[in-house]
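Peer 1: Each chain, written out:
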Amino acid sequence: MSEEKSPNTMVSNDTELILKAQQGDMLAFEQLVYRYDRRVLSIAATYVNSAEDAKDIYQEVFLRVYRGLGKFELRSEFSTWLYRITTNVCLSHRSRRKRHAHSSLDSASEGEEESHGALPFASGVSSDQRAIETELSGHIEEALRTLSPREKLVFTLRHFEGYKLREIAGMLECSEGAVKKYLFTATRKMRKELKGVYG
Amino acid sequence: MQTHEQYKERLLLSIHGELEADEQKKLESHVADCRECREELAHLKRLQVAVAALPRVSVTDSLLQEARRELRAAIRIERNRTSLGVTVGRFLERFMAPWVRLSAGAAAFLAVGFLGGALMFRSDVSNGGPILKQLSDQTEVLRGEAEITNVRFEDADPSDGEIAFSFHAVSPVKVRGNPNDPGIQSVLTKALMYEENPGVRLRAVSAITSQIQIQLRKEKGVDNEVKIALINAMKYDENPGVRKEALHALRKFPFDDEIKQGLLYVLTRDRNQGLRVEAINSLATAKDEFRSSDEQLLDVLRRKMETDNNQYVRLQARAVFEEVRQQ
Ligand SMILES: [Zn+2]
Numbered sequence: 001m002s003e004e005k006s007p008n009t010m011v012s013n014d015t016e017l018i019l020k021a022q023q024g025d026m027l028a029f030e031q032l033v034y035r036y037d038r039r040v041l042s043i044a045a046t047y048v049n050s051a052e053d054a055k056d057i058y059q060e061v062f063l064r065v066y067r068g069l070g071k072f073e074l075r076s077e078f079s080t081w082l083y084r085i086t087t088n089v090c091l092s093h094r095s096r097r098k099r100h101a102h103s104s105l106d107s108a109s110e111g112e113e114e115s116h117g118a119l120p121f122a123s124g125v126s127s128d129q130r131a132i133e134t135e136l137s138g139h140i141e142e143a144l145r146t147l148s149p150r151e152k153l154v155f156t157l158r159h160f161e162g163y164k165l166r167e168i169a170g171m172l173e174c175s176e177g178a179v180k181k182y183l184f185t186a187t188r189k190m191r192k193e194l195k196g197v198y199g
Numbered sequence: 001m002q003t004h005e006q007y008k009e010r011l012l013l014s015i016h017g018e019l020e021a022d023e024q025k026k027l028e029s030h031v032a033d034c035r036e037c038r039e040e041l042a043h044l045k046r047l048q049v050a051v052a053a054l055p056r057v058s059v060t061d062s063l064l065q066e067a068r069r070e071l072r073a074a075i076r077i078e079r080n081r082t083s084l085g086v087t088v089g090r091f092l093e094r095f096m097a098p099w100v101r102l103s104a105g106a107a108a109f110l111a112v113g114f115l116g117g118a119l120m121f122r123s124d125v126s127n128g129g130p131i132l133k134q135l136s137d138q139t140e141v142l143r144g145e146a147e148i149t150n151v152r153f154e155d156a157d158p159s160d161g162e163i164a165f166s167f168h169a170v171s172p173v174k175v176r177g178n179p180n181d182p183g184i185q186s187v188l189t190k191a192l193m194y195e196e197n198p199g200v201r202l203r204a205v206s207a208i209t210s211q212i213q214i215q216l217r218k219e220k221g222v223d224n225e226v227k228i229a230l231i232n233a234m235k236y237d238e239n240p241g242v243r244k245e246a247l248h249a250l251r252k253f254p255f256d257d258e259i260k261q262g263l264l265y266v267l268t269r270d271r272n273q274g275l276r277v278e279a280i281n282s283l284a285t286a287k288d289e290f291r292s293s294d295e296q297l298l299d300v301l302r303r304k305m306e307t308d309n310n311q312y313v314r315l316q317a318r319a320v321f322e323e324v325r326q327q
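The listed protein sequences correspond, in order, to chains A and B.
Start counting the first sequence at 1; every next residue gets the next number (the working numbering).
Start counting the second sequence at 1; every next residue gets the next number (the working numbering).
The shape of chain A in the complex, shown without the other chains (with noise of 0.2 Å):
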């Protein structure tokens, strides 16, 4: 992380980099990107759960920034703008794979070693507890694809992210109330899925 630091501190402000890419200056329009994609790419993998559609919702929402950029304001924040495209793009994402969808182990190996870390399961748990808590993540998995697409941003926005509701009611172009009814429905929905499995 810290080596993504430097090359990107250079310009002062999002608005300097705005302007000089929509002059066609490519390594500016680079740098801006650089500011904001990693939340992107993670936005994109909490949503989807898979490095590939991860990457491929990260690619079409900066073609849309990079086609769109020539006629966007400057009134307006870049950030908000940049997040609404990405949940936007998120909203109409089709998996090109069904791969995907079997199961959340499969995807979470499929990405880099690295991401093994990211595991949620102690070195000392034995091999059952590991079993039960690969069957219930199977279950949860299930239950998440019950979701309207609108819900399931919003759940795993909160419960993956952390995002509060006010500002995903901002991503999302909504209300902060209509916000916690797609959270409301989406915990419903998940209990009902999940009765009797947790707990």
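Accuracy of the hints is not assured; some may be wrong.
In silico DSBU-like pairs for lysine-lysine, Cα to Cα no more than 35 Å straight-line [stated by the list, open to error]:
| no. | chain 1 | residue 1 | chain 2 | residue 2 |
| --- | --- | --- | --- | --- |
| 1 | B | K8 | A | K152 |
| 2 | B | K260 | A | K152 |
| 3 | B | K26 | A | K181 |
| 4 | A | K152 | B | K190 |
| 5 | A | K180 | B | K45 |
| 6 | B | K25 | A | K164 |
| 7 | B | K8 | A | K164 |
| 8 | B | K45 | A | K181 |
| 9 | A | K164 | B | K287 |
| 10 | A | K192 | B | K26 |
| 11 | A | K189 | B | K26 |
| 12 | A | K20 | B | K190 |
| 13 | A | K192 | A | K164 |
| 14 | A | K20 | A | K164 |
Residues from chain B that keep clear of chain A, each with C-beta distances beyond 10 Å, as calculated [said to hold, decoys possible]:
| no. | residue |
| --- | --- |
| 15 | H4 |
| 16 | S14 |
| 17 | A21 |
| 18 | E23 |
| 19 | K26 |
| 20 | R35 |
| 21 | H43 |
| 22 | A50 |
| 23 | A53 |
| 24 | R56 |
| 25 | A67 |
| 26 | L71 |
| 27 | G241 |
| 28 | A284 |
| 29 | L315 |
Calculated directly from the structure, the hints in this document are not laboratory data.
The C-beta atom is built at its ideal place from N, Cα and C for all residues, glycine as well.
Using the hints, position chain B with the ligand against chain A.
Peer 2: Frame of chain A; chain B with the ligand shown alone:
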């Protein structure tokens, strides 16, 4: 006074930390006295814990790097698509004009032109008219200097009187200009970043390298943007040859922290052993610049000397590690 039902609705907001402090307090005192709400709360918490334990794809540096490389490639395709026709003309016009004026002093010859083409030709096959004749009629814009490569037939069946094919036309544009001209640097930087043809990107790097030499000889600073473009190419270009050339070009620059970070990135992330060898060599050359207090550097070196699957990288990492630690 709130009802039990109203409290129950707030439990979910409460476990997500979305209640104001006073609301939270009121809720807590209700929950203390209400068994139903206590059970509901426990249930919600169990769900939260179960969901939090779900394995998710994590965004590693290498996943991000892959995404960036793929984005670059996608934008290259997009740019080359839109740069056909009118845009190409405008592009060349905009950048050609000032160069013609600037021909004083230490002139540098650069070759950076590139056109991507995907055109449909009607071919009068019954006359047996050669394709190349059709081609030269259509491509006057290239002034006959174009080198046509990658001809691909999409419809090679001549029976319907029509064939379709696409090609790449690499057209060297000789430019005479002052190497300090920001226009030239800008075009080279663009060529390095967004030309689809890796050969053109390679040539852009070598043109940049020759400029750096001229400028450093004159004790002039080199444009920082050029350096960043080279660092990014070294890290993210999908072609290992281009990454390597960029790494070589950076050796001409005075060593600094940005270059160091770039080299450490290559050393830790690049899957190409040759690139990691080059990176550790660059770091070895610059070892006098490092301090024994540079924990980040020492960490990377320690990991590399123990785990890199290339023996040379391991040995060299150990050597640099020992030297830096004694400084
Ligand atoms: Zn109650």
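Peer 1: Evaluate each hint against the coordinates.
Peer 2: Each hint tested on the structure:
1. Using a Cα cut-off of 35 Å, the hinted pair B:K8 and A:K152 holds, with the two alpha carbons roughly 23 Å apart.
2. Using a Cα cut-off of 35 Å, the hinted pair B:K260 and A:K152 is violated, with the two alpha carbons roughly 42 Å apart.
3. Our distance criterion of 35 Å between C-alpha atoms is met by B:K26 and A:K181, whose separation comes to about 22 Å.
4. Only pairs whose Cα atoms come within 35 Å are accepted, and A:K152 paired with B:K190 is rejected, the gap being roughly 40 Å.
5. A hinted pair counts as satisfied when its Cα atoms are at most 35 Å apart, and A:K180 with B:K45 qualifies at roughly 17 Å.
6. Restraint check for B:K25 and A:K164: satisfied, since their Cα atoms lie roughly 20 Å apart, inside the 35 Å limit.
7. At roughly 20 Å between alpha-carbon atoms, B:K8 and A:K164 fall within 35 Å of each other, so this suggested pair holds.
8. For the given pair, B:K45 sits about 19 Å from A:K181 by alpha-carbon distance, which is consistent with the 35 Å threshold.
9. Distance restraint check for A:K164 and B:K287: the Cα-Cα separation of roughly 46 Å exceeds the 35 Å cut-off, and the hinted pair is therefore not satisfied.
10. Under the criterion of a C-alpha separation no larger than 35 Å, the hint pairing A:K192 with B:K26 is consistent with the structure, at around 28 Å.
11. The suggested pairing of A:K189 with B:K26 holds, with an alpha-carbon distance near 28 Å, which does not exceed 35 Å.
12. For the hint linking A:K20 to B:K190, the alpha-carbon distance of about 13 Å falls within 35 Å, and the restraint holds.
13. With a CA separation close to 24 Å, the supplied pair A:K192 and A:K164 stays within the 35 Å bound.
14. The straight-line distance between the Cα atoms of A:K20 and A:K164 is roughly 33 Å, inside the 35 Å bound, and the hint therefore holds.
15. At roughly 17 Å from the closest C-beta of chain A, the C-beta of B:H4 stays outside 10 Å, upholding its exclusion from the interface.
16. At roughly 12 Å, the least C-beta separation between B:S14 and chain A is larger than 10 Å, which holds for a residue marked as non-interface.
17. For B:A21, the shortest C-beta to C-beta distance to chain A comes to about 15 Å, beyond the 10 Å cut-off, and the non-interface label holds.
18. Non-interface status of B:E23 relative to chain A is upheld: no Cβ of that chain comes within 10 Å, the nearest being about 14 Å off.
19. Against the 10 Å criterion, B:K26 stays outside the reach of chain A, whose nearest CB is about 18 Å from its own CB.
20. Once the 10 Å rule is applied to beta carbons, B:R35 is consistent with being away from chain A; the minimum gap is 17 Å.
21. Distance check for B:H43 against chain A: the nearest CB is about 7 Å away, which does not clear 10 Å, and the non-interface claim fails.
22. With a cut of 10 Å on Cβ distances, B:A50 falls inside the contact zone with chain A, its closest approach being about 4 Å.
23. With a closest Cβ-Cβ approach of about 5 Å to chain A, B:A53 is found to fall inside the 10 Å limit, against its non-interface label.
24. Not every CB of chain A lies more than 10 Å from the CB of B:R56, the least distance being 6 Å, so the non-interface label is violated.
25. Not every Cβ of chain A is farther than 10 Å from the Cβ of B:A67; the closest lies at roughly 5 Å, contradicting the non-interface assignment.
26. The Cβ of B:L71 does not lie farther than 10 Å from every Cβ of chain A; its closest approach is about 5 Å, which violates its non-interface assignment.
27. Every CB of chain A is more than 10 Å from the CB of B:G241 (nearest about 20 Å), matching its label as outside the interface.
28. The claim that B:A284 is not at the interface with chain A holds, since no C-beta of that chain comes within 10 Å of its own (minimum 19 Å).
29. The Cβ of B:L315 sits about 23 Å from the closest Cβ of chain A, beyond the 10 Å cut-off, so the non-interface label holds.
In this structure, the hints that do not hold are numbers 2, 4, 9, 21, 22, 23, 24, 25, 26, in rising order.
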